[in-house]
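J.: The lines below spell out each chain.
2 protein chains.
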Amino acid sequence: MRAELHTLSALDARAAILEGRLSSERLVQACLERIGDDPLRAWAQLEPEWALAQAREMDHIRKSGKATGALHGVPVGIKDIVDTRDLPTECGSAAFAGRQPSSDAEIVNRLREAGAVILGKTKTTELAFVHPTDTLNPHDTARSPGGSSSGSAAAVAAGHVPLAIGSQTGGSVIRPASYCGLFGFKPTRGMLSRTGVLQTSATLDHLGTFARSLEDLALLSQSIASFDPRDTSSLARPRPDLLGGARAAVPVEPDIAFFEFPFHDQLAPDAREGLEAVIDVLGDRVTRLPVSASLSGLIDVHLTIHEYEFCQHLREVIDTHGDQLSDSLKTVIERGRGISQTQYEDAQAVRESAEAFCAKHFNDFDAILAPAATGEAPLRASGGTGDPIFCRIWSLTGLPALTLPVLVGENNLPIGVQLIGGREEDDRLLRTAAWVQATLQSAEE
Amino acid sequence: MRAELHTLSALDARAAILEGRLSSERLVQACLERIGDDPLRAWAQLEPEWALAQAREMDHIRKSGKATGALHGVPVGIKDIVDTRDLPTECGSAAFAGRQPSSDAEIVNRLREAGAVILGKTKTTELAFVHPTDTLNPHDTARSPGGSSSGSAAAVAAGHVPLAIGSQTGGSVIRPASYCGLFGFKPTRGMLSRTGVLQTSATLDHLGTFARSLEDLALLSQSIASFDPRDTSSLARPRPDLLGGARAAVPVEPDIAFFEFPFHDQLAPDAREGLEAVIDVLGDRVTRLPVSASLSGLIDVHLTIHEYEFCQHLREVIDTHGDQLSDSLKTVIERGRGISQTQYEDAQAVRESAEAFCAKHFNDFDAILAPAATGEAPLRASGGTGDPIFCRIWSLTGLPALTLPVLVGENNLPIGVQLIGGREEDDRLLRTAAWVQATLQSAEE
Numbered sequence: 001m002r003a004e005l006h007t008l009s010a011l012d013a014r015a016a017i018l019e020g021r022l023s024s025e026r027l028v029q030a031c032l033e034r035i036g037d038d039p040l041r042a043w044a045q046l047e048p049e050w051a052l053a054q055a056r057e058m059d060h061i062r063k064s065g066k067a068t069g070a071l072h073g074v075p076v077g078i079k080d081i082v083d084t085r086d087l088p089t090e091c092g093s094a095a096f097a098g099r100q101p102s103s104d105a106e107i108v109n110r111l112r113e114a115g116a117v118i119l120g121k122t123k124t125t126e127l128a129f130v131h132p133t134d135t136l137n138p139h140d141t142a143r144s145p146g147g148s149s150s151g152s153a154a155a156v157a158a159g160h161v162p163l164a165i166g167s168q169t170g171g172s173v174i175r176p177a178s179y180c181g182l183f184g185f186k187p188t189r190g191m192l193s194r195t196g197v198l199q200t201s202a203t204l205d206h207l208g209t210f211a212r213s214l215e216d217l218a219l220l221s222q223s224i225a226s227f228d229p230r231d232t233s234s235l236a237r238p239r240p241d242l243l244g245g246a247r248a249a250v251p252v253e254p255d256i257a258f259f260e261f262p263f264h265d266q267l268a269p270d271a272r273e274g275l276e277a278v279i280d281v282l283g284d285r286v287t288r289l290p291v292s293a294s295l296s297g298l299i300d301v302h303l304t305i306h307e308y309e310f311c312q313h314l315r316e317v318i319d320t321h322g323d324q325l326s327d328s329l330k331t332v333i334e335r336g337r338g339i340s341q342t343q344y345e346d347a348q349a350v351r352e353s354a355e356a357f358c359a360k361h362f363n364d365f366d367a368i369l370a371p372a373a374t375g376e377a378p379l380r381a382s383g384g385t386g387d388p389i390f391c392r393i394w395s396l397t398g399l400p401a402l403t404l405p406v407l408v409g410e411n412n413l414p415i416g417v418q419l420i421g422g423r424e425e426d427d428r429l430l431r432t433a434a435w436v437q438a439t440l441q442s443a444e445e
Numbered sequence: 001m002r003a004e005l006h007t008l009s010a011l012d013a014r015a016a017i018l019e020g021r022l023s024s025e026r027l028v029q030a031c032l033e034r035i036g037d038d039p040l041r042a043w044a045q046l047e048p049e050w051a052l053a054q055a056r057e058m059d060h061i062r063k064s065g066k067a068t069g070a071l072h073g074v075p076v077g078i079k080d081i082v083d084t085r086d087l088p089t090e091c092g093s094a095a096f097a098g099r100q101p102s103s104d105a106e107i108v109n110r111l112r113e114a115g116a117v118i119l120g121k122t123k124t125t126e127l128a129f130v131h132p133t134d135t136l137n138p139h140d141t142a143r144s145p146g147g148s149s150s151g152s153a154a155a156v157a158a159g160h161v162p163l164a165i166g167s168q169t170g171g172s173v174i175r176p177a178s179y180c181g182l183f184g185f186k187p188t189r190g191m192l193s194r195t196g197v198l199q200t201s202a203t204l205d206h207l208g209t210f211a212r213s214l215e216d217l218a219l220l221s222q223s224i225a226s227f228d229p230r231d232t233s234s235l236a237r238p239r240p241d242l243l244g245g246a247r248a249a250v251p252v253e254p255d256i257a258f259f260e261f262p263f264h265d266q267l268a269p270d271a272r273e274g275l276e277a278v279i280d281v282l283g284d285r286v287t288r289l290p291v292s293a294s295l296s297g298l299i300d301v302h303l304t305i306h307e308y309e310f311c312q313h314l315r316e317v318i319d320t321h322g323d324q325l326s327d328s329l330k331t332v333i334e335r336g337r338g339i340s341q342t343q344y345e346d347a348q349a350v351r352e353s354a355e356a357f358c359a360k361h362f363n364d365f366d367a368i369l370a371p372a373a374t375g376e377a378p379l380r381a382s383g384g385t386g387d388p389i390f391c392r393i394w395s396l397t398g399l400p401a402l403t404l405p406v407l408v409g410e411n412n413l414p415i416g417v418q419l420i421g422g423r424e425e426d427d428r429l430l431r432t433a434a435w436v437q438a439t440l441q442s443a444e445e
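Line by line, the protein sequences are chains A and B.
Start counting the first sequence at 1; every next residue gets the next number (my numbering).
Start counting the second sequence at 1; every next residue gets the next number (my numbering).
Just so you know, these hints were derived from the structure itself, not from any lab.
Heads up, some of the hints might be wrong.
Simulated pairs of lysine to any residue, SDA-like, Cα-Cα distance not exceeding 25 Å [stated by the list, open to error]:
1) Lys66/B with Lys66/A
2) Lys63/B with Lys66/A
3) Lys66/A with Phe365/B
4) Lys360/A with Lys66/B
5) Lys360/B with Gln348/B
Far from chain A, by Cβ distances over 10 Å, these chain B residues were calculated [as the list claims (entries may be wrong)]:
6) Gly20
7) Val350
8) Asp387
9) Asn412
The C-beta atom is built at its ideal place from N, Cα and C for all residues, glycine as well.
All chains, full assembly: derive it from the sequences and hints.
T.: This is the structure:
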């Protein structure tokens, strides 16, 4: 069994741990061996002894007959913009080098309550923005794993951990998941607490999750979802049963909308073909809808809010550590500083009306189908982490979005297909996604 | 159905709400009607419109198909030492008159996430200590409901709410539950977060719960249990499945220990007889164990820590609002100030070794059986809220303790029987308690 421990799903690993067939320590050891000296450069902070000590504690709790959790003994990677009391949190920036938070982020508390083992911190692009890490894509090391959650995506895809936490302000979960052949999920804004996470845009920042199966994705997301009034976007009410959603049969075949945005011309031919093939298989469950200019204009609204708020929230870092920032980030900052308060307030007003529009839309449809990225992962030599254009509108509107790794590009690299759900209907989105996945699978057979 | 809505259990109420047979608004309205103008004086803060607005929101969430919680639409009373952002929190003291917290206590956040409706704040004795409220015992209005969680116990017993939150530093949950004929539970220290709750003793303060059935007690306790590092006693690991515990069959008949403490001579004759009858029914499942002087001496250790820490934590209130404190509290303060730091440190050392002793003990036994109180509720004319003597040791050692309303005294008033479990084995304690309750019930038939 040992040789394949690193390929176990989180659900299978937990079951084996609870039944005494596997110890958390052995699983964590296997993950650490799989990482080795981290040739993929996925990890920003890794303290093997610290991870093993947590694993032994979870094993001890189980053996003593005490309560076990939904992620009992299961290792999780965490993007290095999420504060951890026991490991530095450097946010991918020299400006934060050696920064040691005094307390854990709220989602780390939730992971502790679920019995998870924090394996380590995964690499993030500089301040979770544009400047890439040196992380390699496990499917092709000449390519980028995508960003900004580069390390989380690479680590899960490479079998370093079954689960990882990322974040998305533009397309930083959905895009790297697509490039790395993973399931990626950005729950509804307000489901997961952002307390203790680097703030780059109060309006647009979301936490998200990576896994190698839809059920694992649901399990992790559900385990860390909580109401936390310290995050003003946090929803003061019950959370949906996500694992139940991923496992539920659809009551009737779902209705799926597809918008042909003008920027779809940026899709690579293989991605375009793959998407059309998906639409063909889903047949009359998919309705093609016209796109108004105001809808596609939301791309720019997103950019305005993102860049304006980035400059506001990180003003102190920009002012005092400007020399430690990359040139690509400096360009963004310059642009962000050029946005007036009126332009920003106008953008916020448009965002609010867009959210109202989306709320109405989901009366008629179970999900929106969309590309997850422009195509296969970009070459690292291109200098970037790929374009988040297909995610921006859904980050702007705070809707739950996930990607399924169902396509293969011309270089035999994975390409995801994105599904977007109604606000706070994350369980319904997972149910629809499981149906889409099963439908595509049976069409292939 | 309406006439009896106030008698519904929380589990039945939630099921009816989720199935659309009952609205939370109608349930809350029935509770408010039951309270009327509160002749029992159970409530410190009650804003009917605020409670109804929460109920309507929970109804709206259910109807819209969004996620529902474990306490969806179920009203809960909260002791007025637990901070609420929307209602004053006066801690039963003129020194806190009109005090309006700016945020909710952590357990209020957990109640929100569970979908509960906060009905209002229940009366507490002065600073959760000795000086009584004017609250009446619903079983006999000439008698005290007990303290310090006086209003919570009276409200649940009177059918004002199916559930309430209290706190226990000495015997402030178990004792009033016994006097009011309720199920009362003080989970293991560290299960429930005390963030945002009046601190009277960092070592001894516990939150606790009241209900009219064991399953309701488990449901409420489970819904509010969480890891919260802001409370330094909080356990950074998974919580037990309490409702599962209350519903589980015992794998074998449990072993129960009974200590004949010297202070059992304070038991009223009817309470003594009732307790012996319980021991008779349980037969050879109960083992009578000798009590060492050091074990019964823990009563004084508890008192030392309680009074010393009370004076430390509330120094500012004592210094600046001394004239607003009752004479009975002033007596306690005078005594507490006479305790030296060395006496306090010695007491803490004894507490630690007592906890180690208890940890060992529960290898042999499933639970300890003990009185919950000296007998029936005391007359209000006596000026007190009854003696917490039978609870002190279990508050000191941080063990989970609950009381079952299984006895009736000579005045036809309820008397509880206490069961104490092993540290962090709250689910096992509930399982044992369900067995004890069923065994006593079938003996009666």
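J.: A separate judgement is required for each hint: does it hold in the structure or not?
T.: Cross-check of the supplied hints:
no. : hint                   : in the structure
1   : Lys66/B with Lys66/A   : 33 Å, violated
2   : Lys63/B with Lys66/A   : 38 Å, violated
3   : Lys66/A with Phe365/B  : 16 Å, holds
4   : Lys360/A with Lys66/B  : 15 Å, holds
5   : Lys360/B with Gln348/B : 19 Å, holds
6   : Gly20                  : 17 Å, holds
7   : Val350                 : 25 Å, holds
8   : Asp387                 : 33 Å, holds
9   : Asn412                 : 40 Å, holds
Consistency with the previously given hints fails for numbers 1 and 2, ordered from lowest to highest.
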